[in-house]
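Participant: One line per chain: the protein sequences are A and B, in this order. Quick note: the first sequence uses the working numbering, first residue 66, plus one each step. Quick note: the second sequence uses the working numbering, first residue 204, plus one each step.
Derived from the structure by calculation, the hints contain no laboratory data. Every residue gets a Cβ at the ideal spot worked out from N, C-alpha and C, and that includes glycine. Hints may be right or wrong, so weigh each one.
To be verified - Computed from the model, here is a short list of chain A residues facing chain B with C-beta under 10 Å: (1) Lys73; (2) Glu206; (3) Leu237.
Stated by the list, open to error - Okay, the calculated beta carbon distance ranges per label pair: (4) A/Asn240 <-> B/Leu353: 25 to 35 Å; (5) B/Glu382 <-> A/Phe218: 39 to 49 Å; (6) A/Val155 <-> B/Glu473: 32 to 42 Å; (7) A/Gly214 <-> B/Lys205: 55 to 65 Å; (8) B/Glu356 <-> A/Trp238: 46 to 56 Å; (9) A/Asn240 <-> B/Lys332: 54 to 64 Å; (10) B/Leu353 <-> A/Trp238: 27 to 37 Å; (11) A/Ala225 <-> B/Asp234: 34 to 44 Å; (12) A/Ser209 <-> B/Lys354: 27 to 37 Å.
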Amino acid sequence: MHSTRLQKKIVIAAAFVSGFCIMAIEMLGARIMSPYFGGSLSVWGSVLTIFMLALSCGYLIGGRLSEGQPKPKTYSLFFIAAAVASLPIVFFADGIMQPIFMAIEDPRYGSLIASVFLFFIPTTILGMISPYSIRLLVEHEDHSGKMAGQLFFVSTFGSALGTLGTAFYFVLWFNVNEILFGTILALLFVGVAIFTFDLAARRSQ
Amino acid sequence: MKQILILLFGLALLRPLCAQTIHEERSVYRDITVTERFGRRCLLFNVHRGDRNQTCIFTDGSRRLVFDYTKMSFAGLLLKPDPKRVLIAGLGGGTIPLVLSELFPDASIDVIEIDESVARVAKDFFFFKQTDLMRVHINDARVFIKRAALKEEKYDYIVLDAFSGDYIPEHMLTQEFLEEVKQVLAPDGVVVANTFSTSRFYDHESVTYQRVFGEFYNFKLPTSGNRIILTQLKSLPSPGVMAERAAQLTPQLREYGIPFLSYPEKLSAEVDWDMSRRVLTDQYSPSNLLRDN
Numbered sequence: 066m067h068s069t070r071l072q073k074k075i076v077i078a079a080a081f082v083s084g085f086c087i088m089a090i091e092m093l094g095a096r097i098m099s100p101y102f103g104g105s106l107s108v109w110g111s112v113l114t115i116f117m118l119a120l121s122c123g124y125l126i127g128g129r130l131s132e133g134q135p136k137p138k139t140y141s142l143f144f145i146a147a148a149v150a151s152l153p154i155v156f157f158a159d160g161i162m163q164p165i166f167m168a169i170e171d172p173r174y175g176s177l178i179a180s181v182f183l184f185f186i187p188t189t190i191l192g193m194i195s196p197y198s199i200r201l202l203v204e205h206e207d208h209s210g211k212m213a214g215q216l217f218f219v220s221t222f223g224s225a226l227g228t229l230g231t232a233f234y235f236v237l238w239f240n241v242n243e244i245l246f247g248t249i250l251a252l253l254f255v256g257v258a259i260f261t262f263d264l265a266a267r268r269s270q
Numbered sequence: 204m205k206q207i208l209i210l211l212f213g214l215a216l217l218r219p220l221c222a223q224t225i226h227e228e229r230s231v232y233r234d235i236t237v238t239e240r241f242g243r244r245c246l247l248f249n250v251h252r253g254d255r256n257q258t259c260i261f262t263d264g265s266r267r268l269v270f271d272y273t274k275m276s277f278a279g280l281l282l283k284p285d286p287k288r289v290l291i292a293g294l295g296g297g298t299i300p301l302v303l304s305e306l307f308p309d310a311s312i313d314v315i316e317i318d319e320s321v322a323r324v325a326k327d328f329f330f331f332k333q334t335d336l337m338r339v340h341i342n343d344a345r346v347f348i349k350r351a352a353l354k355e356e357k358y359d360y361i362v363l364d365a366f367s368g369d370y371i372p373e374h375m376l377t378q379e380f381l382e383e384v385k386q387v388l389a390p391d392g393v394v395v396a397n398t399f400s401t402s403r404f405y406d407h408e409s410v411t412y413q414r415v416f417g418e419f420y421n422f423k424l425p426t427s428g429n430r431i432i433l434t435q436l437k438s439l440p441s442p443g444v445m446a447e448r449a450a451q452l453t454p455q456l457r458e459y460g461i462p463f464l465s466y467p468e469k470l471s472a473e474v475d476w477d478m479s480r481r482v483l484t485d486q487y488s489p490s491n492l493l494r495d496n
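Extracted from the complex, chain A is given alone in its bound form:
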């Protein structure tokens, strides 16, 4: 994919959505676990730890995958995979947390383990998006820093809005699962959009 102006806009928008979704899910993490592990500070600690750990792994993997010729199709699959990997948070949260609650008495480790099972995989995949986006945006060395800066700006700005929106408004308007479904649909939409756009672009060539 040659980075025409339109394609660049798509990558920027996609990075914004992924940043938004990461924090929307993270904000709900402690809420999802509180029925089993309580509302103590350690539950927040577990959620943040696992998210940071997953993102760091995602950055590494995404960067590796972007080597050589990056493919928009691969990029679109990140979004679709993240959406699919987030589905268990909606459908199996209780099934995952119940046995952990039974097996581990200490809510600190209980919530840590539960965070791994609930959030690690989708967050890792979401973390892969940032370095891959940069690779798609960068055409030559000179502007690579500028592109990285722009990308960090939109995705982190998206994260800020995702946090604010979820903490201030979404929880007031929707169920937790409805908000999760919203993020899953958003990711799915972005993934499918990039996939079809790439297909169309290739056909026209």
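Here the structure of chain A is known, so what remains is to put chain B in place on it, guided by the hints.
Facilitator: Then chain B, alone, in the frame of chain A:
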């Protein structure tokens, strides 16, 4: 202008005479302050944000309780006059468990407090003592109760008092949580919940309690911003039965300054909330946002 300055200066001089801070600490969850003034020692959370007193005791050795809401919580005895296994979520200064242990020396009392510092302050400044029968568990009340339910434990007197005025632990005001409380409630036991009486939130909370427990007694006093919810699994006792129990217990409670005889007539099972409000659940519990709106 000059007069105002003199006035301010005068007030600044007087201040230490009125209130003396005898202990201050910042715990993981809140700022804890213990003050002494006008013959009262008080426990305050997050003073800087203007929180109310959590617990106050008289320093002259009197057993009288200071706050109406603390006294009101003993209305639970109208529904269960002889508790044997007590569960209290939220220690504060430890007044409620202390009085219950004095009234019922054979009862076993489990107190759940999330904040270790609060437990220490209750011991050091508010004469709270753990015994073989009265134990404090440092834990989240929801987690403790869920485990108790798994072990099929039953309590016949459950006090929910974990709301510190400023912030509501949202996972302890949901339908699912109350279902878990119900599981550890003995067939003839009572649930006493110290809750809020602010407008919109009052409706949500009432609807949620109604969904889980059906009928409940509301206990409000014009002098207190709190509302106490009293409920049990079997049908609520009639005013006559409660008046009888009040008469029996009044002599014991007089020492604590609890006007127990006047309580039964102030309990109401009438629906005075907006029934169309949404039930609070684990999926939907923006309690802190709802309360501010």
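Participant: Each of the hints needs a verdict: does it hold here or not?
Facilitator: Here is what the structure says about each hint:
Hint on A/Lys73 is violated. Least Cβ distance to chain B is approximately 38 Å, over the 10 Å limit. With 10 Å as the threshold, the beta carbon of A/Glu206 stays out of range of chain B, its nearest partner Cβ sitting at about 48 Å, so the hint is violated. Evaluation of the A/Leu237 hint against chain B yields a held restraint, the C-beta minimum of about 5 Å falling below 10 Å. As the Cβ distance of A/Asn240 to B/Leu353 is approximately 26 Å, the hint placing it in 25 to 35 Å holds.
Here the CB-CB span from B/Glu382 to A/Phe218 is close to 46 Å, well matched to the stated 39 to 49 Å. Here the CB-CB span from A/Val155 to B/Glu473 is close to 40 Å, well matched to the stated 32 to 42 Å. Between A/Gly214 and B/Lys205 the beta carbons are some 57 Å apart, a value that agrees with the proposed interval 55 to 65 Å. In this structure the supplied range 46 to 56 Å is violated for B/Glu356 paired with A/Trp238, their Cβ-Cβ distance being about 38 Å.
At roughly 45 Å, the beta-carbon separation of A/Asn240 and B/Lys332 lies outside the given 54 to 64 Å, and the hint is violated. Checked against the hint of 27 to 37 Å, the pair B/Leu353 and A/Trp238 passes, with Cβ atoms roughly 34 Å apart. A C-beta distance of roughly 28 Å is found between A/Ala225 and B/Asp234, which places it outside the suggested range of 34 to 44 Å. For A/Ser209 paired with B/Lys354, a C-beta distance near 60 Å fails the hint of 27 to 37 Å.
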